[in-house]
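Chains as they are written, first to last, in our numbering: chain S, 1 to 319; chain C, 1 to 248.
Heads up, a few of these hints could be off.
[Claimed, not checked] Which bits of chain S does chain C cover? Going by a derived footprint, with three or more residues having C-beta under 8 Å, they are:
| no. | stretch |
| --- | --- |
| 1 | 114–126 |
| 2 | 163–177 |
[Stated by the list, open to error] Taking lysine-lysine pairs in the DSSO-like style, the calculated list, with each CA pair at most 27 Å apart, reads:
| no. | chain 1 | residue 1 | chain 2 | residue 2 |
| --- | --- | --- | --- | --- |
| 3 | C | K117 | S | K5 |
| 4 | C | K141 | S | K5 |
| 5 | C | K196 | C | K64 |
| 6 | S | K176 | S | K99 |
| 7 | C | K93 | S | K99 |
| 8 | C | K206 | C | K239 |
| 9 | C | K206 | S | K176 |
| 10 | C | K110 | S | K176 |
| 11 | S | K176 | C | K141 |
These are computed hints drawn from the structure, not numbers from a lab. Note that beta-carbon positions come from the ideal geometry of N, C-alpha and C, so glycine has one too.
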Amino acid sequence: MMKNKYSFIALIIFLFVGPFLFPNATIAEMLIFGIVAISTNIMLGYTGMLSFGQALFFGTSAYISGLMLLGGFPLFLAIPVATLGSFIISLFIGYFCVKREGLYFICLTFAFNQMFYFIAYVWHDVTGGEDGLVGVERPAYIDSQLTFYIFTSMMFLFAVIALYKIVTSPLGLIFKLIRENANRAEAIGYNVRFYKLISFSIASTFTGLAGSLYVLIHSMVPIDQIHWLKSGDIIFMTLFGGVGSFLGPLIGVVGYIWLSDTFSIIWARWPLIMGVIFAIVVLYFRGGVSELLENLFKKYKSISKKTEHEQNIKNTKLN
Amino acid sequence: MNKILKIQNLTKNFGSISAVSNVNLEVEEGTIHSVIGPNGAGKSTFFNMISGVIPPSNGSVYYKDKDITGFESFKLPHMGIAKCFQITNVFPKLTVRENVWASIFSCSHKSKVDLFKSMNDFETIDKDTENIISDVGLSHKIDDKAEELSHGQQRMLEMAITLGAKPDLLLLDEPTQGLAPEATVEMTELIRKLSKNYTILLIEHKMHIVMEISKIITVLNFGEKIEEGTPNQIKNSKKVQDAYLGRK
Chain S
1 MMKNKYSFIA
11 LIIFLFVGPF
21 LFPNATIAEM
31 LIFGIVAIST
41 NIMLGYTGML
51 SFGQALFFGT
61 SAYISGLMLL
71 GGFPLFLAIP
81 VATLGSFIIS
91 LFIGYFCVKR
101 EGLYFICLTF
111 AFNQMFYFIA
121 YVWHDVTGGE
131 DGLVGVERPA
141 YIDSQLTFYI
151 FTSMMFLFAV
161 IALYKIVTSP
171 LGLIFKLIRE
181 NANRAEAIGY
191 NVRFYKLISF
201 SIASTFTGLA
211 GSLYVLIHSM
221 VPIDQIHWLK
231 SGDIIFMTLF
241 GGVGSFLGPL
251 IGVVGYIWLS
261 DTFSIIWARW
271 PLIMGVIFAI
281 VVLYFRGGVS
291 ELLENLFKKY
301 KSISKKTEHE
311 QNIKNTKLN
Chain C
1 MNKILKIQNL
11 TKNFGSISAV
21 SNVNLEVEEG
31 TIHSVIGPNG
41 AGKSTFFNMI
51 SGVIPPSNGS
61 VYYKDKDITG
71 FESFKLPHMG
81 IAKCFQITNV
91 FPKLTVRENV
101 WASIFSCSHK
111 SKVDLFKSMN
121 DFETIDKDTE
131 NIISDVGLSH
141 KIDDKAEELS
151 HGQQRMLEMA
161 ITLGAKPDLL
171 LLDEPTQGLA
181 PEATVEMTEL
191 IRKLSKNYTI
201 LLIEHKMHIV
211 MEISKIITVL
221 NFGEKIEEGT
231 PNQIKNSKKV
241 QDAYLGRK
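Take the sequences, apply the hints, and build the full model.
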């Protein structure tokens, strides 16, 4: 409980300080992918399901939102419709995917992702194909840097609170039961396949919500946002931050986007560095950066406690 | 007395091998009915068919006169059947409280809306959780993670999870498996205590326990029922002695 309190205080500070640390587009991207990573963690960290298909929902929703805005629909209709679209697609795709486990589940999510990518690629008239969907304009009321940031932050906070409610509800506990021991969860009366589908849909719907916002950053949807490599990035960000805590994946997103932005200016072969970092995290910090920070904090606390204790003994002796 | 569970001609074939063949059995309400047999007798396959883990090739299972043959295992706790596994089967990274709470919640939540409520909104479940944990003697470990418990304590937790479903019929698959002698005595006592409130179908290979607490014993050998009766009848049965000694 205390850990969560500190995490949320840090989050609020980050929301206030973030715009002074990063360029406008970068901080918006961090918040949007923050929604993606935290929601993906519901499926990955809480339920134990690894999906290589999250870009499908991100990209599809971005296309729906972008097309609606291009068609003259208001933003406050485009976002719910795109999110609802992701929800419906996730129920359909999830229904098939959760029939399988482990490697076969991963392969199915990957296959569906690529299917949608090729649809976007060849359906040039609608999606812009290889060129992406361009010319989407932000509504005037969020056109300034400040209003756009406030809008993105509000959407981010809404998503974080909703997801937090889920993980601290009985549903969140059921997800953890499935991760820990699916057979036992089934034996005590939980329809594991149904709850896996719910987890998959929650993650995908919120990823869709993020996708519907993404189109507003650069006023376009590049086709790589629906490619499976983007799904890989999402997994990387989530693991890098740490699947063991609710807000851990956000650290991964901030770290990943900052590192990739920084290295890509310095060196064209920057993905190589990211690969090395990923290998180090997987080999030595399985709990990601959040676990590393937590361990450092615990160590600091135990050292300061020890020092305090020694000081007390000294004082007693002196007295 | 009512027959709470009726099993008719239950059969399971794996290819040309018959693991369980035409087994009939009736469990009387409020009793401990044990199923025993030498290694490879088909006890676990029999148990798995009743508990919905594997579908039978033939035959039927009736619970309170309702045909539940081949029902998926997650449906059974909602009908009043709960099972305890042979191999310790808990949720290791969750606390003892969460392990049992989840089991009670499964059978007591009324609508899907409850899934989204706060965990603090279920006072009755909280109380029941503490009572069940106290019944199995784990109150002092209630906020420890299941993986931090000893093997014996994990077996007790396993039992608490099973009881969380508030069942009418308990299916226990070798609950004393791997327990130290003192823990075995504790578990036997617990089963005896539970028999006052529950009907128990017990699969067990420790003969002295079965003889001590069962009302009726069914003996399986090579997948077939070879004998059924009271502990005394089973003790004196030549067929059972032959099966255990490997005589034909």
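For each hint, the structure was consulted:
1. 114–126: violated (count 0)
2. 163–177: holds (count 10)
3. C:K117 / S:K5: Given that 27 Å is the threshold and the Cα spacing comes to 20 Å, the pair holds.
4. C:K141 / S:K5: Cα-Cα ~26 Å, so holds.
5. C:K196 / C:K64: Judged against 27 Å, a Cα distance of about 19 Å means the pair holds.
6. S:K176 / S:K99: Within the cut-off at roughly 19 Å; holds.
7. C:K93 / S:K99: holds (25 Å)
8. C:K206 / C:K239: holds (18 Å)
9. C:K206 / S:K176: Since the Cα atoms of K206 of chain C and K176 of chain S sit roughly 35 Å apart, the hinted pair is violated (cutoff 27 Å).
10. C:K110 / S:K176: With a Cα-Cα distance of about 21 Å, the restraint between K110 of chain C and K176 of chain S holds, given a limit of 27 Å.
11. S:K176 / C:K141: holds (20 Å)
Consistency note: the structure conflicts with the earlier hints numbered 1 and 9.
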